[in-house]
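K.L.:
In order, the protein sequence lines correspond to chains A and B. Read in order, the letters of the first sequence are residues 1 to 161 in the numbering used here. Read in order, the letters of the second sequence are residues 1 to 263 in the numbering used here.
I should point out that these hints are in silico values taken from the structure, not numbers from a laboratory. Keep in mind that the hints are not guaranteed to be accurate.
[To be verified] Estimated spans, in silico, between C-beta atoms of each pair:
#	chain 1	residue 1	chain 2	residue 2	range
1	B	R44	A	T25	46 to 54 Å
2	A	L116	B	V63	25 to 33 Å
3	A	I19	B	E86	20 to 28 Å
4	A	T25	B	L81	22 to 30 Å
5	A	E149	B	E40	53 to 61 Å
6	A	P23	B	Y48	17 to 25 Å
7	B	E86	A	L20	47 to 55 Å
8	B	T61	A	V11	54 to 62 Å
[Stated by the list, open to error] Which stretches of chain A does chain B cover? Using the computed rule of at least three CB atoms under 8 Å from a CB of chain B, they are:
#	region
9	17-23
10	46-58
11	70-76
12	153-160
Beta carbons are placed, not taken as given, at the ideal position from N, Cα and C, and that holds for glycine.
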Amino acid sequence: MKYIPYFIYMVLLGIFQVILRDPTTIYSAHINMAALLVLMLALYKGELAAMWFGIAAGLLIAAPTPQLLGWTALVYGLLGLVGYQVRGKLNLESLYSKLIMMLGGLIVIEIAGLLLFGTDSFWLRLPTVALSSAIYTSLVALLYFLVKEGRVTIKKIKALF
Amino acid sequence: MTWISNLFSRYWRNVHLGVAAFLVVVLIYGDVTVNGLVSELFVRVFHYPFNTIKTAVAELTEVSQENDRLRQALVDASVKLSQLEEDRRENARLRAVLGFEPPAGYGLLPARVISVAGERVPLSAVVNRGLDDSLVVYQPVINEDGLIGRVRSISPGFAYVQLLTDPANRVASRVANSRGMGIAKAHLSGSMFLDNFPVQEEIYIGDTIITSGLGGVYPAGLIVGTVKSVDRPEEATFCEIELTPAADFYSLDELFILRPMDP
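The following block holds chain A by itself, in its conformation from the complex (with noise of 0.2 Å):
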C-alpha cells in the first residue's frame, strides 16, 4: 500500500509529460516535473524514496530514447539522493533556503540533461532553454511551497478581490 502513491506520482508524471508538458511550455523554458517531484520527495520523503523515484522517473522521461535509460536513471536517482543530503546536512527550514536548493538542483538537472540530449549549441541552449526552465520549474515550487505552509489560500486570493 505504501507504494500507491509514489506509482499515482508516476502516472501524474506520465500525465505531464504526455499531454501537459507542450501546453505550459513558455517559448523554450519548461516546467522539469520529474525533477521537481524527485527533489520535492527529497525534501519531505525519504532518501531511498526519492533515489527510487528519481531512478523510476528518470526511466519514464528517458523511456522513448533507450540509449540513454541508464544515464537519465543515474541523474534523477542521483538528484534524489543528494537533495536528501543537501537537506540532511543543511537542515533546511525557511522557504527560501528550499527554494534555492530547489533552483540548484533544478539548475544542475537542466545542464545535465542539455549533455545528455544532445550538446549541439550548448552555450546558446544553457541560457535559453536550462537556465529559464530551472527559473519557470522554481516558481512552480514556490506556488507548491506557499500553497503547502498556507502563506496563499484559497480565502486570502479571495479576500485580494
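Let chain A serve as the given structure and place chain B on it in line with the hints.
P.N.:
Same frame as chain A, but now just chain B:
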C-alpha cells in the same frame, strides 16, 4: 535469524544503493535488448495511454474545426445556390419577354419593380424609371402576360405605377371575339369585373378581354384578362362578368412602359 535481520537493517541502505547502482550500470553498459524491454514497459504503462487520449482529443478538436469549416462552406454554397436560382428565374423571365412585341406605334422601355404597395392586394408599384427617362403620366405599363396599369406620377429616378387592381383604375375593354365592349375594373377584394357589358352581347367563359383603345390611355389590343364567370340577371341591362387578370400582380418583376414612337 535475528542476526540476519539486524545485518540487513544495518546495511539496508547500502543494499539499496548497490541494487540501484547495478541497475544503472546494466542500463548504461548492458545489452540493448534490456534497454529496449525497459523502455517498452515504461512507454506502454506511462506514455501510450495518455498519448492515446492526447491523440483522440487532437482528432476531436480537428474534427470540430473541420465541422465549423464545412458549416461555413455550406452556408456559402447555400447563398451562392440561392443567387444562382434567382439568376435562373430572372433568365427564364427575360427569355420569355425576349420575343415580346409592343403594339404598333409604341416602343418598349424596360423597367424593374422596386417596391409594391397595397394592403391585401397590390395597388401600386414603384419602378426604376422616371423623369430622367422622359416618362409621361398615364403611359401604359405591361409585361409579357398583359396589361399591368399606367404611370401615375413621376420623380427624377422612379415612377409610381397605378396597377389594374386599383379600383380607381378603369380600363375600356372589349371581348376579343365578339367585340362587345365594357369597362374592366377591380374591387378592393382583388376580384376584377367587366362592367357595363350589355346582356344581349355574346360573351362566354374563357373569352379573352382586351383593351378597346377608347379613352386615349391604353392602346387597343392589350390583354386584360379572361372571362371567369358570366351572370345574366333577368330584367337587367348589363351582365355581371368576373375576370381573371392576365398578369399576376403578386409577382411583378420586369415591366415594360409603352411609349409612343415618334412618327
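K.L.:
Which numbered hints are broken by the structure, listed smallest first?
P.N.:
Of the numbered hints, 1, 2, 3, 4, 5, 8, 12 do not hold.
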